[in-house]
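**Student:** The residues making up each chain are set out below.
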Amino acid sequence: MGESILLTPVDLVKYPFLPEAKKYVAELGIDLNDLGELESIVDRAKVRIAATFEFLAHMQNQAPYKKSEVEIAAFPVAAFVVAGVKDKTLAERYALSEAKKIYNYLLDEKDNVILGIAKFFEWDINPSKQGPFSYTLHFVYYLRNATKGRLVHSPEWKLVNRQLDKGQVSVTKNEVCRLLQEEIKNYIEDRTKEEVTKIPQLLQDVIEEIKAEFLKRKPHLSEFDQKIQAEESEYPPCIMDFLDRTAKGQHLSHAERFTLVTYLLHQGIGVDRIVNLFSNVADFREDKTRYQVEHLAGQRGSRTPYRTYNCSTLQTHGVCVNPNDPVCKRIRNPLTYHLRKKSIKKRE
Amino acid sequence: MRNYAKHKFAEYYKMCLRGTQIEAPSHLKNREFGFLAFDKTSMFRHKGFETEEALNRSLSVVAPSDAYYSSAFYEHPEADMSKKDWLGADLVFDIDADHIPTPCGKIHDSWACNNCNFEGKGPPPERCPKCGKEKFNSKAWMCDTCLEFAKAETIKLVDMLMQDFGFSESEIKAYFSGNRGYHVHVESKTVLSLDSMARKEIVDHIIGLGFETEFHKLTEGNRVVARTEMPSWRGRIAKGLHLILSRVTLEELEAAGLKRGKARYFDDNRKELLSHLSDKGWLGIKEIGSETWKRIIQLIVHQQSAKIDTVVTTDVNRLIRLPGSLHGKTGFMKVEVSLSGFEGFDPLKKGVVFKEGQVVVDIVEAPEFRIGETQYGPFKRALGAELPTAAALFLVCKGVAQVVNGHV
Ligand code: SF4
Ligand SMILES: [Zn+2]
Ligand SMILES: [Zn+2]
Chain C
1 MGESILLTPV
11 DLVKYPFLPE
21 AKKYVAELGI
31 DLNDLGELES
41 IVDRAKVRIA
51 ATFEFLAHMQ
61 NQAPYKKSEV
71 EIAAFPVAAF
81 VVAGVKDKTL
91 AERYALSEAK
101 KIYNYLLDEK
111 DNVILGIAKF
121 FEWDINPSKQ
131 GPFSYTLHFV
141 YYLRNATKGR
151 LVHSPEWKLV
161 NRQLDKGQVS
171 VTKNEVCRLL
181 QEEIKNYIED
191 RTKEEVTKIP
201 QLLQDVIEEI
211 KAEFLKRKPH
221 LSEFDQKIQA
231 EESEYPPCIM
241 DFLDRTAKGQ
251 HLSHAERFTL
261 VTYLLHQGIG
271 VDRIVNLFSN
281 VADFREDKTR
291 YQVEHLAGQR
301 GSRTPYRTYN
311 CSTLQTHGVC
321 VNPNDPVCKR
331 IRNPLTYHLR
341 KKSIKKRE
Chain U
1 MRNYAKHKFA
11 EYYKMCLRGT
21 QIEAPSHLKN
31 REFGFLAFDK
41 TSMFRHKGFE
51 TEEALNRSLS
61 VVAPSDAYYS
71 SAFYEHPEAD
81 MSKKDWLGAD
91 LVFDIDADHI
101 PTPCGKIHDS
111 WACNNCNFEG
121 KGPPPERCPK
131 CGKEKFNSKA
141 WMCDTCLEFA
151 KAETIKLVDM
161 LMQDFGFSES
171 EIKAYFSGNR
181 GYHVHVESKT
191 VLSLDSMARK
201 EIVDHIIGLG
211 FETEFHKLTE
221 GNRVVARTEM
231 PSWRGRIAKG
241 LHLILSRVTL
251 EELEAAGLKR
261 GKARYFDDNR
271 KELLSHLSDK
281 GWLGIKEIGS
291 ETWKRIIQLI
301 VHQQSAKIDT
311 VVTTDVNRLI
321 RLPGSLHGKT
331 GFMKVEVSLS
341 GFEGFDPLKK
351 GVVFKEGQVV
361 VDIVEAPEFR
371 IGETQYGPFK
381 RALGAELPTA
391 AALFLVCKGV
401 AQVVNGHV
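Same order as they appear, the protein sequences are chains C and U. Under the numbering used here, the first sequence has 326 at position 326, and the numbering climbs by one with no breaks. Under the numbering used here, the second sequence has 51 at position 51, and the numbering climbs by one with no breaks.
Errors might be hidden in some of the hints.
Stated by the list, open to error - Only some residues are given here: those of chain C computed to face chain U with a beta carbon under 10 Å:
hint	residue
1	L28
2	F139
3	V140
4	T147
5	V152
6	G167
7	T172
8	Q250
9	Q267
10	S279
11	V321
12	N322
13	D325
To be verified - Residues from chain C that face chain U, not an exhaustive set, calculated with beta carbons under 7 Å:
hint	residue
14	K158
15	V160
16	T313
Derived from the structure by calculation, the hints contain no laboratory data. C-beta atoms are modelled at their ideal positions from N, C-alpha and C, and glycine is treated no differently.
Start from the sequences, fold in the hints, and give me the full structure.
**Tutor:** Okay, structure coming up:
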């Protein structure tokens, strides 16, 4: 990672993921036998994690702890505990909540801190005064983050709608902070997915506690985790169109086939049935088709099923057939079409 | 019937092995190669080479109808897909006449119904007008017109890569694909790690997808503030507006969604609009409201965008044709075009490999085509036609001719 910036302990409380924070804690030489000190660190770590899934018992005290070394040390402990729980959703939510907090701190910072943190991530960024824009950022670092999280769905973040000159994108200070939020989220998420070994007993107990509380709440966290499958009559227009054409033996483009197959797999349709669907197509070869479908299902090689592309991607490839469908207007991915349709019906 | 083609391809690759070898792609050891055999049933994938010599040797032994390498670098290029360990990928673009509507398709492309053999020109219809079936055998050819269309798109693309994205001339390589279009490879350390989502944003920028007028500050109050020398899309819109005022047809305006009256007005007042535009600004024209301007701008975006194949660029595990190799559908070579020499580049000359000899062929049918300086055809059941090697090979690769025995 990039060069370091001069930060005070007060700054490090805000940005505890920086290497300076680690150094600071190490230099303090916190006495692990001083149970009082250790307990407050672990407590603060719990508060940090609890905030991510509204685990109320631990939410009373959200303000940073008065002793900065305790607060700073709580961050790596929290990351360690999350890593110990080994739950992807928790890791993601935890990283997001830390990153959002940091975003709010960044908004009030001066150039040097913002640039310093951007340089830690090796961004090619420079201050510039051009109308409302305070910085220019190389498009690679811009895209790396503007295609993540919610940003990917808003037109003002699309590269085609930005000023792009010789590789540099003009961005406002707020936008830089928002992009840093994504970068930081990613960074913390990676840390919380690391393999943890040699877990001290005290932390093992915390891991068990957090895990139990989290699993209790997990089912209610978001629509996305729902596993309700669609009836055929509830398939989105694009999928209906592909099914129709396949049945007639017409040729589908690569992107169309990918979309159809991944969609059906997510709806729980078996590999055999999907392979059969293609049997009318002119150049059908059972073995080849099966190989491809199994690959997408994750039965060969990678083992994770491929996700269906987002509607915006399908629009890029000219695969989307009806963005004007009232349900289509309100979804980001064909997979949620039937869920959205149901919820609209309910309200009517 | 393709034996002759295989024989000529082998001859070419042997010649390379002995003489000027086909240049290996950068980072050779990390690339995957795939060779398509002439019998078409098998693609040898997951091949890797340590040296340029080994690559050339293998080409001369296999004599593939098509040779590809991965735009990606892998830790283990010869392993199965899931175990390759992706390290990064070049940014690649494909521009193919297939993706560009051209006027000549109607002339040289044809289809035949698989069921009743009914034939037609242009791209195949949804269903056969005679028997109603939907399976066709279609043939696409190339001519100067579609190759020029593809070239124009490629020039726009290269311009965007340099002006908008800031790639230097040394990072961009352009090639005639050997068939109906061009390939552009960007090799730059900065883009290697971009994932498919990020590449999609690059694609959208280039094809103008998702462009929304309000984010571009094209006007300020009543004045147009976009000027041709401005970077990126603002500059292109300004350029495009001047172009449209001097060239666009009434039909194009209506096709872009302008009401007939507005389109008429626009069409009738070009000169005045142009001068008005340079001294007063566009919103000051009361006959043309902001909705109409939006439509016009979308039309400009469409004209100024480069029509690339969206799938190729977003796929980070793509196999792309190896420069210097021959195209199985034409016998032409994938050959580099220098960025400065684009305008005068003639693919039907520079892509020719076999420049000597005559071959006697029986030709089923072929539209008119050109190779080098010579125009050939159209042919219909031409038996015993004597053609230069490149022309004969082209027809054999197209699957419409057979070499007469004893003339191989
Ligand atoms: S908006 Fe999405 S779901 Fe609807 S047709 Fe287009 S791609 Fe399919
Ligand atoms: Zn027919
Ligand atoms: Zn043509």
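**Student:** Each hint needs a verdict: does it hold in this structure or not?
**Tutor:** To see whether the hints hold, each was checked on the structure:
1. L28: Since chain U brings no Cβ nearer than about 36 Å to L28(C), farther than 10 Å, the hint is violated.
2. F139: 7 Å, holds
3. V140: Where the cut-off is 10 Å and the nearest Cβ of chain U is about 5 Å from V140(C), the hint holds.
4. T147: 4 Å, holds
5. V152: With Cβ-Cβ at 7 Å, under 10 Å, it holds.
6. G167: Since the shortest Cβ distance to chain U is 3 Å, the answer is holds.
7. T172: 13 Å, violated
8. Q250: 6 Å, holds
9. Q267: Since the shortest Cβ distance to chain U is 23 Å, the answer is violated.
10. S279: With Cβ-Cβ at 13 Å, over 10 Å, it is violated.
11. V321: Cβ of V321(C) sits 15 Å from chain U, so the hint is violated.
12. N322: Check failed: Cβ of N322(C) comes no nearer than 17 Å to chain U, outside 10 Å.
13. D325: 19 Å, violated
14. K158: 5 Å, holds
15. V160: 4 Å, holds
16. T313: Holds, about 6 Å.
Violated hints, in rising order: 1, 7, 9, 10, 11, 12 and 13; the structure is consistent with all others.
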